[in-house]
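Whenever a hint applies, use it, and build me the whole structure from the sequences.
2 protein chains.
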Amino acid sequence: MLEQIREKGDVLAIGLMSGTSADGIDVALVKVHGAGLDTQLELQAFDVLRFSPAVRQRLLTAMGPKGAGNMEFCLLSSYLGELFAHACHHIVKKANVAMEDVDIIGLHGQTLYHHPKRENMPGFAVTGTIQAGSAAVVAERTGRLVVSDFRSRDMAAGGQGAPLVPYLDYILYRHRSRGRVAVNIGGIANVTAIPADSELDAIMAFDTGPGNCLIDMAVSRLTNGTLAYDAGGKMALAGKVNPPLLDALLKHPFFAQAPPKSADKAAFGEEFLGQALAEHPGLHPNDIVATLTALTVRTIHSALMEHVLQRTRYEEMILSGGGALNPVLVSGLQQAMPKLFITRSDDYSIPSKAKEAVMMAFLAHETVMGLAGNVPSATGAARRVILGSITPGALPA
Amino acid sequence: MLEQIREKGDVLAIGLMSGTSADGIDVALVKVHGAGLDTQLELQAFDVLRFSPAVRQRLLTAMGPKGAGNMEFCLLSSYLGELFAHACHHIVKKANVAMEDVDIIGLHGQTLYHHPKRENMPGFAVTGTIQAGSAAVVAERTGRLVVSDFRSRDMAAGGQGAPLVPYLDYILYRHRSRGRVAVNIGGIANVTAIPADSELDAIMAFDTGPGNCLIDMAVSRLTNGTLAYDAGGKMALAGKVNPPLLDALLKHPFFAQAPPKSADKAAFGEEFLGQALAEHPGLHPNDIVATLTALTVRTIHSALMEHVLQRTRYEEMILSGGGALNPVLVSGLQQAMPKLFITRSDDYSIPSKAKEAVMMAFLAHETVMGLAGNVPSATGAARRVILGSITPGALPA
Chain A
1 MLEQIREKGD VLAIGLMSGT SADGIDVALV KVHGAGLDTQ LELQAFDVLR FSPAVRQRLL
61 TAMGPKGAGN MEFCLLSSYL GELFAHACHH IVKKANVAME DVDIIGLHGQ TLYHHPKREN
121 MPGFAVTGTI QAGSAAVVAE RTGRLVVSDF RSRDMAAGGQ GAPLVPYLDY ILYRHRSRGR
181 VAVNIGGIAN VTAIPADSEL DAIMAFDTGP GNCLIDMAVS RLTNGTLAYD AGGKMALAGK
241 VNPPLLDALL KHPFFAQAPP KSADKAAFGE EFLGQALAEH PGLHPNDIVA TLTALTVRTI
301 HSALMEHVLQ RTRYEEMILS GGGALNPVLV SGLQQAMPKL FITRSDDYSI PSKAKEAVMM
361 AFLAHETVMG LAGNVPSATG AARRVILGSI TPGALPA
Chain B
1 MLEQIREKGD VLAIGLMSGT SADGIDVALV KVHGAGLDTQ LELQAFDVLR FSPAVRQRLL
61 TAMGPKGAGN MEFCLLSSYL GELFAHACHH IVKKANVAME DVDIIGLHGQ TLYHHPKREN
121 MPGFAVTGTI QAGSAAVVAE RTGRLVVSDF RSRDMAAGGQ GAPLVPYLDY ILYRHRSRGR
181 VAVNIGGIAN VTAIPADSEL DAIMAFDTGP GNCLIDMAVS RLTNGTLAYD AGGKMALAGK
241 VNPPLLDALL KHPFFAQAPP KSADKAAFGE EFLGQALAEH PGLHPNDIVA TLTALTVRTI
301 HSALMEHVLQ RTRYEEMILS GGGALNPVLV SGLQQAMPKL FITRSDDYSI PSKAKEAVMM
361 AFLAHETVMG LAGNVPSATG AARRVILGSI TPGALPA
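Chains as they are written, first to last, in the working numbering: chain A, 1 to 397; chain B, 1 to 397.
Simulated from the structure, these hints should not be mistaken for laboratory data. Quick reminder that beta carbons are idealized off the backbone N, C-alpha and C, glycines included. Be a bit skeptical, because a hint or two may be false.
[Stated by the list, open to error] Covered by chain A, per the in silico footprint, the following chain B stretches (three or more residues, Cβ under 8 angstroms): (1) 44 to 57; (2) 66 to 72; (3) 116 to 123; (4) 384 to 390.
Structure, rendered in structure tokens:
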């Protein structure tokens with residue numbers, strides 16, 4: 001089954017992603033040409049299928065160290081399998097392609113828990129991760145080969161299982177003469193630094209801390225849920241940064257850690273924000289949002305200065321994620337790093353919103369080709385490894 | 001990677017099994033010749049690696065609909081991965097074989113929860129199963145290709161994900177002119193009925209209910225944990241069957257269900273036994289054990305009479321599992337079905353104790369060969385499907 005795919009010139013792959021915010025399923029249909037460092041990716045179709053509020057609530061309840069129990073996990077995982085399979089059927093229909101023409105499905109799944117810190121058990125120190133979304137259900141409903149559970153193997157090789165995106169960043173953004181820093185500002189912000197004319201193992205990638213997660217949380221809280229995020233940076237623009245609150249937030253131990261490091265969204269959650277605000281009472285909502293926006297700018301800037309920009313010459317900063325639409329974040333970053341030319345990932349071949357789903361198609365293809373998909377300098381793994389598990393499609397008719 | 005294995009004449013496979021009693025890891029090294037219905041299996045080495053009491057307790061705590069939480073599941077699953085990998089290294093050393101010569105590892109994992117009953121979710125009815133034991137960790141520590149998560153695909157195809165053993169029973173026991181019923185008396189008892197000269201889809205297989213689980217539980221309870229099982233059937237022999245208690249136990253709704261059916265050990269657990277004993281106070285411990293032993297005989301006999309023996313002619317009953325060592329069970333079955341010639345699975349090529357581990361090696365091999373591994377007449381699946389997910393071994397050096 002793998003050989004048949006490997007011998008094709010162009011491979012058609014679907015990538016499925018559902019982020020930790022559990023908003024819905026990102027699904028991309030991608031034409032893959034070549035493999036490894038010579039991979040070329042062409043997006044054929046993309047869509048987002050939102051979870052219903054009830055499903056989203058069940059997913060959120062099933063997250064974290066405790067979760068919602070074995071039975072709920074079983075049912076949710078199979079149910080997500082059905083929804084992911086539905087997303088596959090939806091995207092091929094949208095692209096006017098037959099399901100039989102799809103070669104590979106890359107299924108990230110819904111992360112319910114991620115534990116990259118080593119814990120001592122008798123004789124072994126272990127880590128672990130849980131992605132819900134049954135590969136068996138997706139394979140059975142589509143008849144196509146599915147690659148899933150991408151993070152576990154990197155973790156088994158000593159890595160944190162994240163980030164995975166640097167390999168795709170390298171494929172998309174490496175340049176003979178320009179050093180480029182890709183900055184993705186999602187809930188958590190992460191950077192991938194690709195020096196000019198560099199090998200894969202020369203890139204650096206790590207989370208810098210909160211991207212939009214604290215801003216979104218504060219906006220929702222301060223407007224009693226009326227607003228979900230600071231559209232256009234309006235609240236931040238209307239407010240003033242409060243230096244004592246900013247200093248308090250900067251004391252979070254994550255910022256002092258050296259890369260490779262990945263941020264747990266829970267570490268920048270309600271508890272962290274609530275405590276900081278309780279210790280700085282009476283601030284105007286706009287000032288709070290301005291300060292949290294400044295925190296994202298400051299921590300991206302500091303991390304880049306300390307670990308990236310002082311080492312190698314970079315010319316360009318490629319912004320992506322929801323934060324790239326916040327003018328206060330963008331201008332803050334431009335002012336802090338005036339020598340970097342700012343572009344958007346949408347200026348490149350893969351639009352920002354589709355990137356994670358495209359990544360799953362790409363990584364699944366690498367696995368089927370028998371190639372490694374992790375970047376040890378980003379995850380901390382001891383070596384490059386083939387990621388994921390391959391669930392066969394339907395038996396030949 | 002798959003092609004290389006498929007082109008070999010003999011394939012060397014490791015099978016790993018850890019039963020629901022969570023006693024330890026069964027590991028078998030098996031030479032596989034041929035594939036599909038023509039498979040020949042030759043056991044090279046077998047061993048059992050017991051879990052420490054502390055590990056066993058953590059596993060037992062993580063079972064059931066509630067479980068022990070996401071974090072504990074993550075850590076246990078990775079930890080079991082380490083122990084399963086250790087078992088692989090142990091068995092190749094014992095057989096004086098290099099790990100590089102092993103082609104495939106079949107990893108059943110430790111079942112923490114199994115939910116074959118369909119539950120309604122918005123738009124879909126779903127089932128599910130959880131096997132702990134990270135395939136990524138086993139693949140990374142051994143460098144060999146691992147096949148795991150065998151039950152999910154059958155369930156995605158509408159089956160109960162169990163039993164898996166009928167396919168192996170068919171490979172080992174089918175006969176041109178003799179009808180054979182394989183009866184495995186483990187914690188739960190199951191039967192596989194293979195008419196003479198039958199096709200695979202003519203076999204019947206299902207659980208009949210408790211095998212040793214209630215007997216063991218009662219013995220442990222009545223001796224305050226001094227004894228773990230009724231060795232040699234001594235207690236049953238010294239006791240008398242109590243008809244009212246037997247009748248009460250026979251009212252369990254499982255016995256009235258039509259096959260295909262699989263018994264949840266939890267349905268024949270402390271609660272069921274405790275309630276039955278509470279309603280029949282003052283019985284002598286030996287009488288209780290005699291009655292529970294009679295329950296196993298009676299329910300195997302009734303199920304065979306009702307669903308198997310009245311339909312087709314059978315000549316032989318092949319006993320396996322711990323119950324095959326209990327003379328009261330064996331003579332009870334012989335008296336109930338005097339026309340069947342009783343043999344032991346140990347009289348055949350694969351000894352009883354190694355059978356489940358051998359099965360995992362066999363099923364993993366079928367998956368790598370691109371062949372189906374389920375028996376729809378046993379599991380209730382809508383069709384034959386390729387079982388499991390394939391986790392690649394190490395990158396070529």
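According to a criterion of three or more residues whose C-beta lies within less than 8 angstroms of a C-beta of chain A, is the stretch 66 to 72 of chain B covered? holds (count 5)
Test coverage of the stretch 116 to 123 of chain B by chain A using CB-CB distances below 8 angstroms; three residues minimum. Holds: 4 residues of the stretch 116 to 123 of chain B have a Cβ under 8 angstroms from chain A.
Per the coverage rule (Cβ-Cβ under 8 angstroms, at least three residues), is the stretch 44 to 57 of chain B covered by chain A? holds (count 3)
With a cut-off of 8 angstroms between beta carbons, are at least three residues of the stretch 384 to 390 of chain B near chain A? holds (count 6)
In summary, the structure agrees with every hint in the numbered list given earlier.
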